[in-house]
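Residue numbers (the numbering used here), protein chains in the order written: chain B, -13 to 334; chain V, 183 to 464; chain Y, 0 to 86.
It is possible that part of the hints are untrue.
If you want the footprint, here are the derived chain V segments under chain B, 3+ residues with CB under 8 Å [unchecked claim]:
| # | region |
| --- | --- |
| 1 | 224 to 236 |
| 2 | 356 to 365 |
Partial selection, computed: residues in chain V whose CB lies under 7 Å from chain B [what the hints assert, rightly or not]:
| # | residue |
| --- | --- |
| 3 | 183 |
| 4 | 184 |
| 5 | 199 |
| 6 | 248 |
| 7 | 275 |
Read the hints as simulated data drawn from the structure, not as lab findings.
For each residue, glycine too, the CB sits at the ideal point set by N, CA and C.
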Amino acid sequence: MPARTLATLLADPGAALLLNRNAWTGVLAAARAEQLIGTLAMRLDGLALPQRVAAVLGDARATALEGRRQALWEAEMARRALAGVVEPVILLKGTAFAAAGLDAGQGRSIGDLDILVPRQRLSQAEAALIDAGWMWVKPDPYDDAYYRKWMHELPPLIHPERDRMIDVHHTILPLTARMKPDAARLIARAVPLGGGLAVLSPADMVVHAAIHLFGDGDLSGGLRNLWDIDRLLREFAEGDEAFWPTLWAFAADHEAQRVVARALRLAHVLFATPVPEMWTRAGAADAWYLQRLLARDGWGRETRPATRLAFYVRSHWLRMPPAMLARHLWIKWRMNRDGRPPPQQEGQ
Amino acid sequence: MRYVLGVRIGPVTFRIGSDWQGPIAQLRTLYRDYPRDDGVPDFSVRLTPRRPWRRWIRPAVMIEGDFVIPDAAPLPLDQGVLAAEMGMNLQMALGQRRFLLLHAAAVERNGRAIVLTGESGAGKSTLAALLQTRGWRLMADEFVLLDPASGLVHPFPRPVSLKNSAIDVVAEELTGAHWGPLMRDTPKGAIRHLVPAADALAAAERPARPVLLLFPRFGLPADQRGVGAGEAFVRLTQASTNYVVLGERGFTALTRFVGDVTRVAIDYPDADAAAAMIEKLW
Amino acid sequence: MNATRYRAPPASDLSMVLLDELVAIFHRASGITHLVASPVPELLTALAGRWMTLDDIEQEFELIDGDRASLVSIMDGLGVAGLIERA
Chain B
-13 MPARTLATLL
-3 ADPGAALLLN
7 RNAWTGVLAA
17 ARAEQLIGTL
27 AMRLDGLALP
37 QRVAAVLGDA
47 RATALEGRRQ
57 ALWEAEMARR
67 ALAGVVEPVI
77 LLKGTAFAAA
87 GLDAGQGRSI
97 GDLDILVPRQ
107 RLSQAEAALI
117 DAGWMWVKPD
127 PYDDAYYRKW
137 MHELPPLIHP
147 ERDRMIDVHH
157 TILPLTARMK
167 PDAARLIARA
177 VPLGGGLAVL
187 SPADMVVHAA
197 IHLFGDGDLS
207 GGLRNLWDID
217 RLLREFAEGD
227 EAFWPTLWAF
237 AADHEAQRVV
247 ARALRLAHVL
257 FATPVPEMWT
267 RAGAADAWYL
277 QRLLARDGWG
287 RETRPATRLA
297 FYVRSHWLRM
307 PPAMLARHLW
317 IKWRMNRDGR
327 PPPQQEGQ
Chain V
183 MRYVLGVRIG
193 PVTFRIGSDW
203 QGPIAQLRTL
213 YRDYPRDDGV
223 PDFSVRLTPR
233 RPWRRWIRPA
243 VMIEGDFVIP
253 DAAPLPLDQG
263 VLAAEMGMNL
273 QMALGQRRFL
283 LLHAAAVERN
293 GRAIVLTGES
303 GAGKSTLAAL
313 LQTRGWRLMA
323 DEFVLLDPAS
333 GLVHPFPRPV
343 SLKNSAIDVV
353 AEELTGAHWG
363 PLMRDTPKGA
373 IRHLVPAADA
383 LAAAERPARP
393 VLLLFPRFGL
403 PADQRGVGAG
413 EAFVRLTQAS
423 TNYVVLGERG
433 FTALTRFVGD
443 VTRVAIDYPD
453 ADAAAAMIEK
463 LW
Chain Y
0 MNATRYRAPP
10 ASDLSMVLLD
20 ELVAIFHRAS
30 GITHLVASPV
40 PELLTALAGR
50 WMTLDDIEQE
60 FELIDGDRAS
70 LVSIMDGLGV
80 AGLIERA
């Protein structure tokens, strides 16, 4: 099972020395599909690997370094654009890991730039970004209205010259979701990095990663998000006894205890993440989640499409009350039938 | 996947998997003279039905792989070879990191290479194929691989994709060449793949020093003009799918390349005229 | 209010290669390649790692002849390109 082998290699790079040729082919395909190839390359750097495996991973490492450079530059350009409007700029997800020099950022593929701004500054931030050359991506008025009314972020903006997107969040889940993250606390507890940038506090960062993993999207790309959580937990808990109680208290602030607990349990099972004992026992649905997280074959294809559909519906269920879900899916369905593109899913 | 072909083309290895036997059988024939490769591949390509039952009912081939673009249009099953070729191009365009890719053709003699670039339809594939009968080894038709470390051009002797009238023009001159199946109704008209000559395949891993960069345009009276290094640089960044992702390696490789080669735009009415101009320039 | 100041990246952050009449610049912080003509390379060299006002720049570049509008438009363009920072 290539995805399971991938998880093993990430947690225990030494196991790479035991892999045969067929296993490598499958692991590399699964790692590419899960956007974990750069991470794997960094983890296995320096090991005596078969020459062709080393070549593929060497390319992945170079790619990850370029991606990191571009992501950090995008953060710097956002900082310049927002100077005087939002200071410091709070980075989220991959860019935050890279900017803060965290293990979770090592080799990680980074997509759009995600930033968090206070809700009352949202329109000013939007105006400042547009003034600095960003543009709306979405031409569709329904989508635009939907985003503005219900989502936790502005409709995505793109900088056409650099071809990079920015997601400006004012909280970390849609307003319709059942969990209620406390954006004001996230912002108040953010940690400045210097240079006009900041990241969430360690415990909030883990809570956000857990919410992102389970509460946002259909769990595709979930293996990478769970790996983020493993890295964050190891790095933050090391030598800080107060970390676990703080994490639990912050999870409560955001009504996110369930997803945080599940993330901890799954990380422990899959990556042997050291967690307090109460999270080492499997929960009811954990096996189902694991199956979904590891659903990749040796060609990088998703397996178990039925599970995938269930997760897609479920992720909308989590984010919206049922009547609104029906309306949303119906409009999406109509748009598909009319041959127009459906609204884009959120970036991973 | 049910049917698999592993093949090496110059310095790059591919694994092509298919849910149907047909495309793989055709590929085996097309790639008859290329080395088979069952090691860990650089890239995987998958030819799959859009839905499981579409394997049998109105079968349409989806092009997938390690690197994909959303909304790639499927092709009918009898164009499976084209789907595989497009899939391999896609892997190179999006995934290649060892070499700077130039959308160009290249030919070689005495260890020195000529790179021919230009917009699609400028005739560079046809010209590169025909130069084979005029004393040149074909190195590449679609992607020229520039090694950032050495500055050398590496061969990537894929089958040459020829379209419409070019198919007959080349077939007339290259008698005895090995061809893929003729596909009449592709989105780009008729397409047929020409396997490069034996010397091209035998030297598929022998690089060459680039000396001349040509911007050919077919169908015009013979003419030529020098091209500035700055203009050549810009045109090649636009003709490269991985210039940006290579970062400074790409910058260094490309500035060095345009500085080192002679750069000429040529207009030519036919292959003989082009060959004569090239003999003088190089 | 103080006059706007401009700053370019330190010289070590730019790789410049002369290509006939143009200069190709690789900006290491962004990974972006710029193709520019005079006086941009000269301006970037003068501003490398140090803050200058438009008056400072004009003083150092007599060749610009005090054409403030064109200098401002060059600086704006460089700002959008990320090659200079303003404060």
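Results for each hint:
{"no.": "1", "hint": "224 to 236", "in the structure": "holds (count 4)"}
{"no.": "2", "hint": "356 to 365", "in the structure": "violated (count 0)"}
{"no.": "3", "hint": "183", "in the structure": "6 Å, holds"}
{"no.": "4", "hint": "184", "in the structure": "11 Å, violated"}
{"no.": "5", "hint": "199", "in the structure": "6 Å, holds"}
{"no.": "6", "hint": "248", "in the structure": "5 Å, holds"}
{"no.": "7", "hint": "275", "in the structure": "14 Å, violated"}
In this structure, the hints that do not hold are numbers 2, 4 and 7, in rising order.
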